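K.L.:
If you want the building blocks of each chain, they are given just below.
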Amino acid sequence: MSQTDLKEQKRRAVLTAWVLAAVAFLIFIAFVLSGMLGS
Amino acid sequence: MSTDITHDEALEHGHDHEDHHDHKPSGFLDRWLFTTNHKDIGTLYLIFSLAMFFIGGAMAMVIRAELFMPGLQLVEPEFFNQMTTMHALIMVFGAVMPAWVGFANWMIPMMIGAPDMALPRMNNWSFWILPFAFTMLLSTLFMDSGGPAAGWTLYPPLSLQGGQSFAFVVFAVHMMGISSIMGSINVIATILNMRAPGMTLLRMPLFVWTWLITAFLLIAVMPVLAGAVTMLLTDHFFGTSFFNAAGGGDPVMFQHIFWFFGHPEVYIMILPAFGVVSEILPTFSRKPLFGYSAMVYATASIAFLSFIVWAHHMFTVGMPLTGELFFMYATMLIAVPTGVKVFNWVSTMWKGSMTFETPMLFAIGFVILFTIGGLSGLMLAIASVDLQYHDTYFVVAHFHYVLVPGAVFALMAGTYYWLPKWTGHMYSEKWGKIHFWLSAISVNILFFPQHYLGLAGMPRRIPDYSTQFADFNMISSIGGFIFGASQLIFLGVIIHCVYKSRQKATGRVWEGAKGLEWILTSPPPYHSFNTPPVIDATTVAHAEEIH
Numbered sequence: 001m002s003q004t005d006l007k008e009q010k011r012r013a014v015l016t017a018w019v020l021a022a023v024a025f026l027i028f029i030a031f032v033l034s035g036m037l038g039s
Numbered sequence: 001m002s003t004d005i006t007h008d009e010a011l012e013h014g015h016d017h018e019d020h021h022d023h024k025p026s027g028f029l030d031r032w033l034f035t036t037n038h039k040d041i042g043t044l045y046l047i048f049s050l051a052m053f054f055i056g057g058a059m060a061m062v063i064r065a066e067l068f069m070p071g072l073q074l075v076e077p078e079f080f081n082q083m084t085t086m087h088a089l090i091m092v093f094g095a096v097m098p099a100w101v102g103f104a105n106w107m108i109p110m111m112i113g114a115p116d117m118a119l120p121r122m123n124n125w126s127f128w129i130l131p132f133a134f135t136m137l138l139s140t141l142f143m144d145s146g147g148p149a150a151g152w153t154l155y156p157p158l159s160l161q162g163g164q165s166f167a168f169v170v171f172a173v174h175m176m177g178i179s180s181i182m183g184s185i186n187v188i189a190t191i192l193n194m195r196a197p198g199m200t201l202l203r204m205p206l207f208v209w210t211w212l213i214t215a216f217l218l219i220a221v222m223p224v225l226a227g228a229v230t231m232l233l234t235d236h237f238f239g240t241s242f243f244n245a246a247g248g249g250d251p252v253m254f255q256h257i258f259w260f261f262g263h264p265e266v267y268i269m270i271l272p273a274f275g276v277v278s279e280i281l282p283t284f285s286r287k288p289l290f291g292y293s294a295m296v297y298a299t300a301s302i303a304f305l306s307f308i309v310w311a312h313h314m315f316t317v318g319m320p321l322t323g324e325l326f327f328m329y330a331t332m333l334i335a336v337p338t339g340v341k342v343f344n345w346v347s348t349m350w351k352g353s354m355t356f357e358t359p360m361l362f363a364i365g366f367v368i369l370f371t372i373g374g375l376s377g378l379m380l381a382i383a384s385v386d387l388q389y390h391d392t393y394f395v396v397a398h399f400h401y402v403l404v405p406g407a408v409f410a411l412m413a414g415t416y417y418w419l420p421k422w423t424g425h426m427y428s429e430k431w432g433k434i435h436f437w438l439s440a441i442s443v444n445i446l447f448f449p450q451h452y453l454g455l456a457g458m459p460r461r462i463p464d465y466s467t468q469f470a471d472f473n474m475i476s477s478i479g480g481f482i483f484g485a486s487q488l489i490f491l492g493v494i495i496h497c498v499y500k501s502r503q504k505a506t507g508r509v510w511e512g513a514k515g516l517e518w519i520l521t522s523p524p525p526y527h528s529f530n531t532p533p534v535i536d537a538t539t540v541a542h543a544e545e546i547h
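Order-wise, the sequence lines are chains A and B.
If you read the first sequence in the numbering used here, its first letter stands for residue 1, the second for the next number, and so on.
If you read the second sequence in the numbering used here, its first letter stands for residue 1, the second for the next number, and so on.
If you're looking for bench data, these hints aren't it; they were derived computationally from the structure.
Small disclaimer: the values here were computed from a predicted structure and weren't measured.
No residue lacks a Cβ here, since even glycine has one placed at the ideal position from N, Cα and C.
Hints are supplied without guarantee of correctness; some may be wrong.
What the hints assert, rightly or not - A few chain B residues facing chain A, derived, Cβ under 10 Å:
no., residue
1, M182
2, T190
3, A215
4, L218
5, E357
Isolated chain B (complex conformation):
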């Protein structure tokens, strides 16, 4: 927390006289169900994703409890499979992706000096589709044929052997896809058309850049997933044979189509995380971001490469050697732009006047632990040794390092960073730090032993295992329970900040913060930047371009 820096002129442009009256709808339904305000829709997305985070987390607790000891302990194997599948679907589509859309809604208009998203009514629709999609998905758990149990990848023929509830899963995936596509159309239309005069593309904050690139990825690959699940639907219910070998179809083709979506999907979840970390590290290092342009180009390079590496997920299907070599080398290439990013983050901190508030702790935790996930990804990229690792707990350890201390830590970092801006109150720094240290320690107890389990040969998606894996599984489960419990602190800190905190946040909030969102009051007016702000060296995050 820091001094209150007031930019009178900027503030005057940030919200005009009209904003002092705010014009918030007075009724509950008008305010939340029919809202077209980017801040309210952002809040809805964030609350929804937090709820999904705890539902998906509860499923993870069931998984870790069952795996606490060898032998079948608590749940039937069929239900265990439903838990692994639903945990992944909910965390990917219900928690991480909507959370990033929530951040985009809140921050992008304020960061580029726009009054709102370009298409506010479509924005409302993008959000309100989601609760129906996830109600439908979760309802399958209570149906006779149960929830999906073939893994989130929905590989045929296994996924086609489920019951009637599969139609609900497919429809839910379609609705999530439509929501994501509409959300990303809105992000692109906003960034390309609504920037304040003077906010050129290469002056935009890194978070806006990473979201622009993410939105293009979403538009390119969500229709591919929609195509894949539509073909599964017709194979299951209408007698087609897209993926049915008995009818002349090819189940391996599904894997190609799915992973053409699935690999860019990984970057959809992680690129906005790169953006958030690129905002936080300069603020708490009190230095400009090192290599801004290189960061933009590295993000674009990662996005491009994400389209030509999909078959590294399926090295064991028996593809030609040249294919294996191509996908192996293309995958390894991703380490180059990712290395540029990690180098630039470290260089940003180098010789900076660093302080370690909670957002900074989570951002540094991200840089270190995400890099571990990246390095195990390089190991998996080696086609010859992937034959050993494939479908083992090594893969589970790898992608959880990328997604939990990677994407989820960045979400937490961003929440702590902007929560005072959103609410107008400071959160409890003490409890934020307790949350960080408990999470950072327990997440390693949870996932690091899984590397050893995988190398020793423990397959993924099994409810029971050989006794040789018992010790590492018990350690992993203990880490999981501590990590799960720690997240209740996160919930408590947010509720306290919103309803109880008496410490008012200043407009700037953080002494080293730069960017248009910080020239607004905390909380910002309901309608901000009705008059475009003045873009100068004091108001943009990347000012070296302005002389």
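Bound conformation, chain A alone:
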């Protein structure tokens, strides 16, 4: 595997991680908001 491939692989892995972290954070916020609206 060439250096370019490795760099691209790493870039995609980091992008995947940020997207997943954002999803997790949004779920957290959504449930606290649901608690505020529900109580």
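Let chain A serve as the given structure and place chain B on it in line with the hints.
P.N.:
The following block gives chain B in isolation, referenced to the frame of chain A:
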């Protein structure tokens, strides 16, 4: 144990010249505290989870000793409640979940032909958060207000009536959650981006598939738990009324939010177990896994259904009849993909050239005993009769069958299966089999009588009980003590294998084993697959796709 099958070409790709020098950090702190190596981090997770398994197990021994006879024997009721709560929190978050992350760290990169996890420094952080989280959780036992005592579900208003130590519990849960989320992000990023060329999704070993699906479950529900305990925190310390009826809040809403996390959590603990068993049964049956694609789809179906069944944990709160019917039928639907799995495991063994080494014994024990737990789950799913079973020992028997001879047996099966690969030495087969038979017999003495106790009406989470329950409780406690003692054999077998065993393991280890991890030496080089391996019919576990 079997013949040494060498795949020279594959080995050459498995670790290049550089690996012979390994480049392991020389200092203790550099090697373990600052490590970014997936194998070292896997080892750390596994050691940590084993320690937690024994701490949580010691608490279980306190519980069973107190329940050995009716009347208050050994501990105060308040401390008994702390023991039941802490036992569950430690076993769920400290033992089973980190153990699966340890397996994921060790095996996923080797199974997909990747050099390491995608985000190695985050991997280090994911692990090192855990010892601090559990030190904080365990420290509450020594505080004036004691540890959490409202059950692992932390239902308000009871959980809000504890003292100042509750803040430590909430912070510990937050840290465990962050660790799990980071771990699962790493698993997904690794599987989606780091597979060797030719390792398509439908050629991945079942263990990798089950972990990929588990990681999505974790990301979806750990933030929900974080939200729930944050609201408990502000209700307790900052005067909010999310769950406080006096301030306009709703305690039942907590149950909905908690179980929206809690039910997928059950599958987080059991899906990787399905994966391990799906690796072991073909190896010792010397046949490919029956219905590989169906197994993948069944796992995904179980994961999807786990999000729409949460209220079966709360049939007694007084929900509308249509709600009860929906959650009852949705829960029963889970039996369909689970039945597909059990059918496929049995069909894998059917007419296979089976041998019964320790990993196979634990895997077969899993299939039989987990199924018992699944069937009692179906009984609990029936809303009308759940009104009778709810909060009784029947529920305790049900989920312990799913989690102990289910998840824990699969962890033991996986440990015996891959321990020779990890250490380069064979464990003692004789002591492994003694461990299995003692565990398999005692776990039934421990948990089977609890079904009868529950049907007769014994409530859970009580330190004392009516004398009519005395006999079954004594039998259950005796089974518990034997099961607890048997696990010391497990510890002994591992220590012996790591430090004393003279029998070297071959690269393949098991004659029927297939998959990329087996083309590496035992133990594998510190850095493996720096050059991606060749994917062909001899090197992947599910080769029917390759022609």
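K.L.:
So, for every hint listed, does it hold in this structure?
P.N.:
Results for each hint:
Below 10 Å, beta-carbon pairs count as interface contacts, and B/M182 has one with chain A at about 8 Å; its hint therefore holds. Restraint check, B/T190 versus chain A: the minimum CB separation of about 7 Å is within 10 Å; hint holds. This hint holds: B/A215 has a C-beta 9 Å from the nearest C-beta of chain A, less than the 10 Å allowed. For B/L218, the interface hint holds, since its Cβ comes within 10 Å of a Cβ in chain A; the closest pair sits about 9 Å apart.
The interface hint given for B/E357 is broken, as the beta carbon of that residue sits about 37 Å from the closest beta carbon of chain A, more than 10 Å.
Violated hint: 5 only; the structure is consistent with all others.
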